[in-house]
Amino acid sequence: MKHVSKLSTIAAVLVSVHLIVFCAGFFGPYDYATQDRSYPYAPPMHLHFIDNNGGFHFRPFVYALVANQNIFGSYTEGKDRIYPVSFLVAGSKYRVFGLFDCQTHLFSVASPGRIFLFGTDGYGRDQFTRLLYGGQISLLAGLLATVICIVTAMSLGGIAGYFGGWVDVVIMRVAELFLAMPWYYLLFAARAFLPLTITPLLTFFLVVATIGLVGWARPARLIRGVVLSGRERNYVHAARGFGASPWYLLRIHILPQAYDVALTQTALLIPQYILAEVALSFLGLGVTEPTASWGNMLGTLQQYHVLVSYWWMALPVVMLAPISFCYYLLASELRKRSNVVAL
Amino acid sequence: MTIEGTMNKQEQKEVLVEACGLSKSYAWGNPWLHNNKKSQALLNVSLKVIKGSILAVVGESGSGKSTLARMLVLHEKPDAGSILLDGMDVIKMLPEQLCGFRPQMQLMHQDASTSFNPRFNAVECVEEPLLIKGVKQIDRHKLALESMELSGLTGQFADRSPLELSRGQRQRLAIARVLVLKPKLIIFDESLSGLDLLTQSHIVRLLLDLRQRYDLTYVFISHDLSLMGDIAERIAVMKDGGIVEEQESTHLFSAPQHVETCKLLSAVPRMSQPREPGHRLALQEGSL
Amino acid sequence: MRFIARRLIHSFFLLIGVTVLLFSFFHLAPGDYLTDIQMNPQISTATLNGLREQYGLNQSLPTQYVRWLGSVARGEFGYSFTYNAPVGPLLAVRLRNTLMLTAPALAFAWVLALCFGCWSAWNHNQWVDQLISGGNTFLLVMPDLSIALLLLLLALHSGWFSVGGMNSVNYEGLSWVGKLKDVFSHFTLPVLVLTLSSLPVLLRHVRSAVIEVLDTPYIQAARGHGIGPGRLLLRHVLPAAANPLLSLFGLSIASMLSGSLLIEVIMSWPGIGPLFLEAVFARDLYVILGSVIISTLILALSSLLVDGLLYFADPRIRLETKP
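Chains as they are written, first to last, in our numbering: chain A, 4 to 346; chain B, 7 to 294; chain C, 86 to 408.
These are computed hints drawn from the structure, not numbers from a lab. Please note that the accuracy of each hint is not assured.
[Stated by the list, open to error] Just some of the chain C residues that point at chain A, by a computed CB distance under 8 Å: (1) 93; (2) 213; (3) 216; (4) 217; (5) 225; (6) 236; (7) 237; (8) 239; (9) 241; (10) 243; (11) 244; (12) 377; (13) 380; (14) 381.
[To be verified] Reference excerpt, derived from the structure (chain A facing chain B, CB under 10 Å, subset only): (15) 52; (16) 55; (17) 57; (18) 59; (19) 60; (20) 239; (21) 240; (22) 245; (23) 247; (24) 249; (25) 255.
Given the structure is predicted, the values throughout are model-derived calculations rather than measurements. Ideal Cβ placement from N, Cα and C applies to all residues, glycine included.
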């Protein structure tokens, strides 16, 4: 029982992170592409409760940002005017899950004030909002790529394990070829010869498909192993005796035995694939501007002066570690559970 | 035809399945590296199964009994020989033509527990043959429950997992599953071994009952010669892939003709009182 | 000997298979080196076709493959369109630089993994173990991108290490010792990042392998005899754990090569990584092919080495592979 509740806690955390990220329009005060050229590289703003005169406000507020005329990217707080943070305000339009339009944002400040919780980038785009939207791309890429990978692996591993013979030999030799190359080299090479100058949406799907299809070999081998032993079970023989087709046997009796392995592999692969998308976008081979992805947000850090002067641009990096950690815990829990069941 | 009828009128017996000259060998090892190993499982086996009768095939381990069983239910193809069903050779038939014949011949394995998928519950296990055939859900459920009733499992067992049932109940579930396709021939591959004697006698009684009601034909594969002597009408003795003797069971026990038969008979434990046919079936009525 | 011969032949065919796979994929994919240039309206189709012919891009797939194989045999590994030079020498220099990073990083990572892993396993479930495991998990979940960026930030702020590239601007003017020191200061940060990103997985596996071996009866008996931890670990435990650890060594080389790609680009270290990336953007076919083949070759050689070592280390494998 203790195991189950630990699993549910981790799952709950992951689900809530994903929900927040997929409702990026609601949680972020601005749009991911709106540029505010008067505030390039603004640092993260502080929320205050006590104003200049010592008065306490229940509602947190921010000061206006005054650009320092002489130095680019340097700001001071203009203490004359306060902008209280209002909740559930109407702001820019956004689409929820691509289905319907909405205008309510969780929090914002009245114009001409700005609230840049995580600062802005060179074009004046709010990094907090971009972080949430970027999360949509990166997390979704990881999930979709993993689904593609596992489905491919289960099909090919199942076919190879069940039918045996030359089908098995061919599939396993091809898998060996894929495994013989270092993962990133293979990924980048595959990405290389697919078109580079296409729309961000198409790039996204192309990247996801590439990541997923390049990594099928290792899980496929594991699943094939399970299928090899699973097809000898007596209930498989019995069902075959009743006239079941190989596809029925695979679908109903044999592959379900591999669900545990597939689930553990999923939990291991998702963080890897999120990282693969981030790496590809970071180097410019993945999702391109103006769509935000944690990778291309970090891409500007390749210029060292950005890294030194504007440290808040590295914040997407901070998001990656906890998410990987959650998936790591998930994978450990799943492994423990499947071992218990096997006994 | 009643059973007494078949016993008396030898010439009018209807043959359900006839196997002629079946041979099968298995090879393993890598042919490229010249380390093939071959073993002859069946060598020129011929057998007739009379409709409505009970045939027992006995022999020691490795004599080819299970291979013969699998061939008779068309699970495996022999290397040579033919199997005649209603006079037609099924070996040469295409899979589509065989579709009609397969459900009529069913095989029951020894270990009922592992022949059920643990993810299914009892009624789903029994429904499965119908599902494979493509029968609709409502009919499936009804037929499955009926079959379970026939085997002595009441409706309360429908939602239970097979793992929760006792060995005897699982055996009944396996019988229900086999019956649901209304077969003509059922081959029991060591199905009765491993059961305690009381359960065994209950199951045997159930089987005999079902045979009478639905005019089934049974073939029992076993190494328990004494039990076979009680229930089977004819016994075939196998050794090393061939049938060495085949006779009516009473004659077999009184006048065995082959060395192998004598060996098997001598291994049967002797009871203190004299044997009569069917004495082990003298049961008291009991619950499951 | 037969065993090694068989494995060599197997690796050879594997490499051939990889080249065929990549070659076919690149030629089936839309576009080639000249596609981007095609977009420039000033270049006429005739010029393009002439260029295509010159580069041999309009020939059939098998012809190009055979020509490329010939080039490989000559040591050229094809021709780079961007650099206008044979790929082989280009790669050789870059390979040397990459190995300069990956070899020490691998060595450090393994040494640290073995030390801390054994220490942690010896004090299983005590506070030392918890501490090391905790720190290890923390490193494990940090992606190598994060580690690289954070260390870069640290280096840039503190000025302790030189960042970017292999040499400083005034490299040529330095003395021999100065040159060495310069390269060394540039190379510390990438090696540090590579070590830290590979370490956690290795440590985890070393720890679990050693824990498993420590539980076996004969080790318990040896402990009972009073053999000290050092000697026990070195002479008894590690050889017993050799099987999974040697396989892990092969895998660690693969992940190290992958990781070095990213790190070299971030740190501007002139290894295979940046060359490869450039070629990816320019679609310089033979450079891409050459880079992937080289890295696959390194991987194949190292797994051959690992299999050979396993063969000699583990008597069970010798028995298995006897005809």
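Structure-based check of all given hints:
no.	hint	verdict
1	93	violated (15 Å)
2	213	violated (21 Å)
3	216	violated (17 Å)
4	217	violated (17 Å)
5	225	holds (7 Å)
6	236	violated (11 Å)
7	237	holds (6 Å)
8	239	violated (10 Å)
9	241	holds (5 Å)
10	243	violated (11 Å)
11	244	violated (11 Å)
12	377	holds (5 Å)
13	380	holds (5 Å)
14	381	holds (5 Å)
15	52	violated (57 Å)
16	55	violated (68 Å)
17	57	violated (68 Å)
18	59	violated (62 Å)
19	60	violated (60 Å)
20	239	holds (8 Å)
21	240	holds (7 Å)
22	245	holds (4 Å)
23	247	holds (5 Å)
24	249	violated (12 Å)
25	255	holds (8 Å)
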